Amino acid sequence: MSRAERHRLSSLHDVELATLAAAGDRQAFGELVRRHGSAVRGLLRRMGASASEADDLAQDAFISAFESISEFRGEGAFAAWVKKIAARACMRRMQRAKRLRDLTAAGADDPAPVAHPDPGGRMDLDEALKALTDGERLCVSLCYGAGLSHGEAAEALNLPLGTVKSHVKRGLDKLRARLAPEDQSVEGRRDNG
Amino acid sequence: MAEVEFERALERMFARTPDISDAASFADRVQRRLDRGWAARRLLIGSAGVIGGVIGASQLIMSNLFSRAEAASSESARVLTSSVRQIAPQADWLFSRPAGVETVWVAAGLALLALGFVLTRIIEEI
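First to last, the sequence lines map onto chains P and R.
Heads up: the first sequence is residues 574 to 766, going by this note's numbering.
Heads up: the second sequence is residues 2 to 127, going by this note's numbering.
These are calculated hints, taken from the structure and not from any lab test.
Note that the structure is a prediction, hence the values are computed from the model and not measured.
Note that CB positions come from ideal geometry on N, CA and C, so glycine has one too.
Any given hint might turn out to be false.
To give an idea of the chain R side of the interface with chain P (calculated C-beta under 10 Å), a few residues [stated by the list, open to error]: (1) A16; (2) P19; (3) I21; (4) R30; (5) D36; (6) A41; (7) E103; (8) R122.
Stretches of chain P that chain R covers, calculated by requiring three or more beta carbons in the stretch to come under 8 Å of a beta carbon on chain R [claimed, not checked]: (9) 611-620; (10) 624-634; (11) 658-670.
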């Protein structure tokens with residue numbers, strides 16, 4: 574691809590690129606992959622996939638997205654659409670590997686202790702997620718990272734809705750406790766600013 | 002922090018793109034897979050079309066269908082229905098040939114497969 578062509582594609586909006594991709598323009602789709610590849614891989618890692626698993630799943634998700642790009646109407650963000658595809662693919666792979674039942678079982682092993690941040694210190698999301706059990710992390714990532722509703726997450730995980738809600742609730746409580754110092758400092762800076 | 006505010010903040014945190022070092026090479030790998038898939042599809046469509054076309058054409062030529070259909074239609078040009086009646090036995094004759102039936106079906110199947118791919122592509126283009 575020429576430099577001018579790459580420049581032209583990089584100046585286009587996601588929806589325009591998706592329209593070109595729907596017409597068979599693979600270079601346009603490549604630009605979408607360049608823009609959102611890391612976000613999708615990051616989500617899969619947060620869901621508990623290893624780096625190489627996340628890489629494979631993200632590749633499959635993008636290929637699948639290209640195959641069904643005509644279904645993307647531009648009503649939501651392209652990244653959110655691909656993330657849902659990737660999250661569901663991740664669930665399917667985990668179900669095949671029979672890991673899902675272990676991960677989401679109630680009373681699953683508590684996670685390794687995570688050092689609490691210094692007072693007023695910042696803890697990033699990835700660190701905070703380590704404080705969650707696998708099931709909690711999975712449910713929170715699906716609902717807040719992939720944008721699935723509780724019902725959709727329950728369906729993807731093949732779990733009762735109540736179980737998903739419980740995982741999300743407990744996960745949120747833990748995250749709030751971990752991330753609150755950062756949020757408060759952000760709020761404080763806003764007030765001072 | 003209110004529940005809803007925290008949930009929105011969490012969504013924003015999830016939406017932040019993590020810095021992954023091999024982002025460019027990942028995009029290249031996906032691009033290569035797309036290109037490979039497209040090349041394979043084109044090869045399949047082309048092969049199926051060519052094979053189906055060659056077999057179908059050879060069968061038509063060998064069965065003298067054109068000359069028989071022409072003769073039938075010239076004989077019964079006045080009335081369309083009688084032409085159909087004339088051509089129908091020719092088609093039956095073609096399919097009743099024991100050596101050619103399987104070949105015609107294979108050709109028809111391949112041609113249909115190619116047509117399906119082409120139609121899918123056209124719909125996608127539209």
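Now for the hints, and whether the structure bears them out:
Hint status for A16/R: holds, given a least beta-carbon distance of 8 Å to chain P, under 10 Å. Nearest Cβ of chain P to the Cβ of P19/R: about 4 Å, under the 10 Å cut. The hint holds. Interface hint at I21/R: satisfied, since its Cβ lies 4 Å from the closest Cβ of chain P, which is below the 10 Å cut-off. For R30/R, the shortest C-beta to C-beta distance to chain P is roughly 6 Å, which falls under 10 Å, so the interface hint holds.
At about 6 Å, the closest approach between the beta carbon of D36/R and any beta carbon in chain P falls short of 10 Å, and the interface hint on this residue holds. Against a cut-off of 10 Å between C-beta atoms, the interface hint on A41/R is violated, since the closest Cβ of chain P lies about 13 Å away. Nearest Cβ of chain P to the Cβ of E103/R: about 34 Å, over the 10 Å cut. The hint is violated. Interface hint at R122/R: satisfied, since its Cβ lies 8 Å from the closest Cβ of chain P, which is below the 10 Å cut-off.
Counting residues of the stretch 611-620 of chain P whose C-beta lies closer than 8 Å to any C-beta of chain R gives 7; at least three are required, and the coverage claim holds. Coverage of the stretch 624-634 of chain P by chain R holds in this model, with 3 residues showing a Cβ closer than 8 Å to a Cβ of that chain against a need of three. Look at the stretch 658-670 of chain P against chain R: 0 of its residues bring a Cβ nearer than 8 Å to a Cβ of that chain, fewer than three, so the hint is violated.
Hint check: violations occur at hints 6, 7, 11; the rest are consistent with the structure.
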